[in-house]
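*Asks:* So the chains spell out like this:
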Amino acid sequence: MGDEVVLLDFWPSVFGMRVRIALAEKGIEYEYKDDNLRNKSDLLLKMNPVHKKVPVLIHNGKPVCESLIIVQYIDEVWKDKSPLLPSDPHQRAHARFWADFVDQKVYAVGRKLWETKREEQEAANKDFLETFKTLETELGEKPYFGGETFGFVDISLITFYSRFYLYERFGKLSMEAEFPKIVAWAKRCLQKESVANTLPDQKKIYEFHMKWFGLE
Amino acid sequence: MADEVVLLDFWPSMFGMRVRIALAEKGIKYQYKEEDLRHKSELLLKMNPVHKQIPLLIHNGKPVCESLIIVQYIDEVWNHKSPLLPSDPYQRAHARFWADFVDRKVYGVGRKLWATKGEEQEAAKKEFLEIYKTLESELGEKPYFGGETFGFVDLSFVTFYSWFYVYENFGKFSMEAEFPQIVAWVKRCMQKESIANTLPDQKKIYEFVLELKKIFGLE
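These protein sequence lines are chains A and B, in that order.
Everything in the first sequence is counted per this note's numbering, starting at 5 for the first residue and increasing by one.
Everything in the second sequence is counted per this note's numbering, starting at -16 for the first residue and increasing by one.
Treat the hints with caution; some may be incorrect.
Claimed, not checked - Covered stretches of chain A (chain B as the covering partner; in silico rule of three or more C-beta atoms under 8 Å from a C-beta of chain B):
{"id": "1", "segment": "12 to 18"}
{"id": "2", "segment": "58 to 68"}
{"id": "3", "segment": "74 to 87"}
{"id": "4", "segment": "100 to 110"}
Claimed, not checked - What follows is a list of derived Cβ distance ranges for each label pair:
{"id": "5", "chain 1": "B", "residue 1": "K29", "chain 2": "A", "residue 2": "R173", "range": "48 to 54 Å"}
{"id": "6", "chain 1": "A", "residue 1": "G144", "chain 2": "B", "residue 2": "S157", "range": "50 to 56 Å"}
{"id": "7", "chain 1": "A", "residue 1": "G144", "chain 2": "B", "residue 2": "K64", "range": "48 to 54 Å"}
Hint data in this document are derived by calculation from the structure and do not stem from the laboratory.
Every residue, glycine too, gets a C-beta built ideally from N, C-alpha and C.
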């Protein structure tokens, strides 16, 4: 029986990108539907009435919401190739912890860099630097957050690489100078087809944000 | 080989209570260590340097943090009895979604209800009622959020029952009048030993909140 897989997404969404990478890692064929978040489709509102957000995976008509929950679902259903989570329960808990850290912190501290008033810019920068410093420490000398192989935590964070130029412009910082290990890790991840084919160009993301948030 | 299980926790924490219930459901013996959150122990700071928060499970010396992550860990390690998550991946995703909803919405709005005044409190009350209405709709006619049996979503939410008197008092409404299905569900859950033995008395929590308000000058 053929699986019917549909992904409701929005091309600049770092959360949607996670799902696109997971689907690519597993070699799953799917229909991509781009939803403009300022004009949400009926399908989105029907499939995710609680949050009305992308990404939403619709598998044989049934919706799965929240990017990290979708990625775990994909890993559990298509379990025959490219495992995304470790098999050991403690390592799995460790992976969930760091993916949750990314979810709790990275999106918000990144957004504050351009949302914040001038007086608060310094505090926003400080938060941003601390958050990424914590991540750089956790990465350490490992090739991936998951250890030897690309995994759940890597997927949860790599999509933010598409925003690095945006962060550098608004935070007036250099990601490579501040976080050389993270940038090296990102470049390593980009050697993977699933990642390289998914992440939009950083300049495109920058221009999108400038327009979308009226920052020009 | 005997397992060494330690739980660092704080008695009024709904998050800590989740872990206590999970451990009880699985019949796991453990050492409970009460943390004073204004004077965090070195053990806590060492085992959870990132968030410095409870609950924190230490299993054979290795820490696991974040209550829902701990509960999933417990379910996976002690998988011989009382499964907390469904085995079907779709149902599992559904359970994770609703537990995540509880995490993101229920704690914050409840806190706003007792920690704020005036317009802010009015707005919090409105939000609170909407969020609980969503949960009541999701529960529907089912005996548990998980369906026929108590599960992950039930676990993630039932611990807030110990705070219902606080919410009612500061929000000036009756949980039973507003959310009869949720209250019926809670009473059903309370028939389980693991829950009845874990949840602190609502009045004790209320007194704790009064103390907190004094300490933080929120009166």
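*Asks:* Failing hints, ascending?
*Replies:* Hints 1, 5 and 7 not satisfied by this model.
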